[in-house]
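Student: Start counting the sequence shown at 454; every next residue gets the next number (the numbering used here).
Worth flagging that the hints you see were computed from the coordinates, not collected in a lab.
The beta-carbon is built from N, C-alpha and C at its ideal position, and this holds for glycine as well.
Check the hints yourself; a few may be wrong.
Okay, the calculated beta carbon distance ranges per label pair [stated by the list, open to error]:
# : residue 1 : residue 2 : range
1 : SER534    : ASN936    : 27 to 35 Å
2 : ASP654    : ASN750    : 30 to 38 Å
3 : LYS894    : VAL851    : 25 to 33 Å
Cut-off 20 Å, straight-line C-alpha distance, at most; resulting in silico cross-link-like pairs (PhoX-like, lysine-lysine) [claimed, not checked]:
# : residue 1 : residue 2
4 : LYS846    : LYS566
5 : LYS746    : LYS701
6 : LYS503    : LYS594
7 : LYS746    : LYS594
8 : LYS894    : LYS846
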Amino acid sequence: MADPPRSWSCRELRLLFVLMGTLWGARGGQIRYSVPEELDKGSFVGNVAKDLGLESWELAERGARIVSRGRTQLFALNPGSGSLVTAGRIDREELCAQSARCLVSFNILVEKKMKIYGIEVEIIDINDNFPRFRDEEVKVKVNENAATGTRLVLPFARDADVGVNSLQSYQLSSNRHFSLGEKSGTDGQKYPELVLEWPVDREKVAVHDLLLTALDGGDPILSGTTHIRVIVLDANDNAPLFTQSEYKVNVPENIPVGTRLLTLTATDPDEGINGKLTYSFRNEEDKISETFKLDSNLGEISTVQSLDYEESRSYLMEVVAQDGGALLTSAKVLVTVQDVNDNVPEVILTSLASSISEDSLPGTVIALLSIHDSDSGENGETACSIPKNLPFKLEKSVENYYHLLTTRALDREEISDYNITVTVTDRGNPPLSTENIISLKVADINDNPPLFPHTSYSTYIPENNPRGILIFSVAANDPDSGNNAQVTYSLAEDTFQGTSVSSYVSVNSDTGVLYALRSFDYEQVREMQLLVIASDSGDPPLSSNVSLSLFVLDQNDNTPEILYPALPTDGSTGVELAPRSAEPGYLVTKVVAVDRDSGQNAWLSYRLLKASEPGLFSVGLHTGEVRTARALLDRDALKQSLVVVVQDHGQPPLSATVTLTVAVADSIPDVLADLGSISTPADSEDSDLTLYLVVAVAVVSCVFLAFVIVLMALRLRRWHMSRLLRASGGGLADLPASHFVGVDGVRAFLQTYSHEVSLTADSRKSHLIFPQPNYADTLISQESCEKSEPLLIPEKINANEELGVIQVSFLF
């Protein structure tokens, strides 16, 4: 047995690694290192940070990581030192078998840069495997009549190492009859042979025991042994022969299990048992015995399991034909597996951004993906594509890596997320394809202001509303999301009638509901313009506004106001005059009233509520005119009291009343006497009434005397005025046109009632005579309407020798 292998010291391995790392530097854009196999986990391989031009701490900060496909991770990055270290013990023989060079390729992805760097590490073989024979004991048969120089095939050893560490030579234990010979095969394998140096004699020695030793070239040298038992047979002078020394067959990888691949044929001219041949594999590997079956009698080779081109592209085996006399021959069989398109391309997402901002510039990298097809030739050539209607494109990077980029600006409000289907198709026949869906969300930015459905709104609110009542609700929509779509409402700063609108109306900042903060009065506020602002919570915030017209609806909250007759302010009572000669329909006076409300709430109607003489007077329903309903009779009382009610048409209706006193008389003393009685309270004593009448008669007499004194002067003035009027072509000057006096838009028509009064001087009592009334429309000012007593205005005086006629106008 050979000596055990010497272990490599840590210092020797480190020196070897440094030397190999120096020889294998970064070249051609790819970083190369070398490292011996069987190093402990965490052993230094190379300074990746330095070779990438980075500081050691930048690897971790920029998200550097190793990406490789479909195999156990052999190496790892040390984020602290920025170096590449082994992730475990590496067995070169398990990794690369008998390959002359064992290269491990992978990539390092710098996440934040979206860059890929190729790394190639060569695994250096160390002499850690012994040469090994398959069997510990092998039997070799030789005919006793075999000639000197006869060569017998011996089992060969296998060494998993390569190069100088692999199998180099054989040694045979010393003996007289046999020597060791070697033959090199086309595959470089050394095959030992037993050479007969001295004839054997079965009767002397039937079995020869030899020891065959296989040596490698490592330091120290490792070896393996097998026991050779040489059995001497009786003479068999013809050995079998194959028709070919080497058989080759090409088969597709998808042939069914059990398919016959080929039949080997060997011949032996001997007869009997010495001419009967049996076939067998020699020194077959486990992979050969697991994949193929050899019929020992027919020499047919068939499959016992499926072939896979991607696993093994060829199989080399040796078949032995042996006769019954122990003579044998061998032939090589090479089975080449042909590739078929049986592997679907793979898409591997190496790096992916889960979302992208909608304001990202065209050309922004979204994902890094790699494409792989295990097939070869055209079957392994792939084409990668995405739908053309998407704002993305694929751009090839190194090897089979692709970048997924944006081609134009994105709009989250138009499309908030994308499902990008990446389709990879190979060039096989028929072609195979695979699809991978990349989901991408578009992150929102605040690029849309809140929008109202309408440019303006209008609403109505009844006056006298309770405080806090809901007026209206507005809602703005923001197509953004999150805080960018969270809308708050406010009122624009403005004033109305010198006061801030916020003291009239408030808005809920979250819901957009507007509330009244005070009770509105239609007679003060009929319309209000508001500006509602909607702002989102983005950074910076965006806003829009909408105008709201608030109309106040009138309510019947004002009682009709009577303008005429005005209530007396000095304790006296106003009196209307009606001559006894008045015909039915005679206009006595007119009640004038207004209502501060509007619409039907201000429509007024008049009716007679109470009268001291029912049926004597009537009141116009819409005009308020008080007229006589029939002719006045002597039996009718001089003093008539009327109660007129004024009512609007609101719901519920409101009303006001006024009491009219109408004097019915034909002479002044009667009127004055009655006026005295009217002005006296109803509960006064008779003595007081008499005193007032005497005073009134005295006053009237004084007035009469004054008229007599100035009678001549007035007559001369009248004569002068008459001449002027005749010169101008007319009689009396034109009366002024009718005018109206109004309150809050409601106009009231006032009239002046004119009467001619005849005074006789020869009578002890003056008489007031009312002829047919003559009245004309005249302008009554607001001040005259507010006076509590009638005005007596002299208009015309006629003086005769026996009778003076005075025209007097009573203005009400």
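Student: Against each hint, give a clear statement of whether it holds in the structure.
Tutor: Against the structure, the hints come out as follows:
1. SER534 with ASN936: 27 to 35 Å: Once the Cβ atoms are compared, 43 Å apart, the range 27 to 35 Å for ASN936 and SER534 is violated.
2. ASP654 with ASN750: 30 to 38 Å: holds, 34 Å
3. LYS894 with VAL851: 25 to 33 Å: 28 Å Cβ-Cβ, so the 25 to 33 Å window holds.
4. LYS846 with LYS566: holds, 19 Å
5. LYS746 with LYS701: Roughly 16 Å separates the two Cα atoms, so the pair holds.
6. LYS503 with LYS594: Answer violated: LYS503 to LYS594 is near 65 Å, above 20 Å.
7. LYS746 with LYS594: Violated, at about 25 Å.
8. LYS894 with LYS846: Between LYS894 and LYS846 the Cα gap is close to 17 Å, so the pair holds against 20 Å.
Hint check: violations occur at hints 1, 6 and 7; the rest are consistent with the structure.
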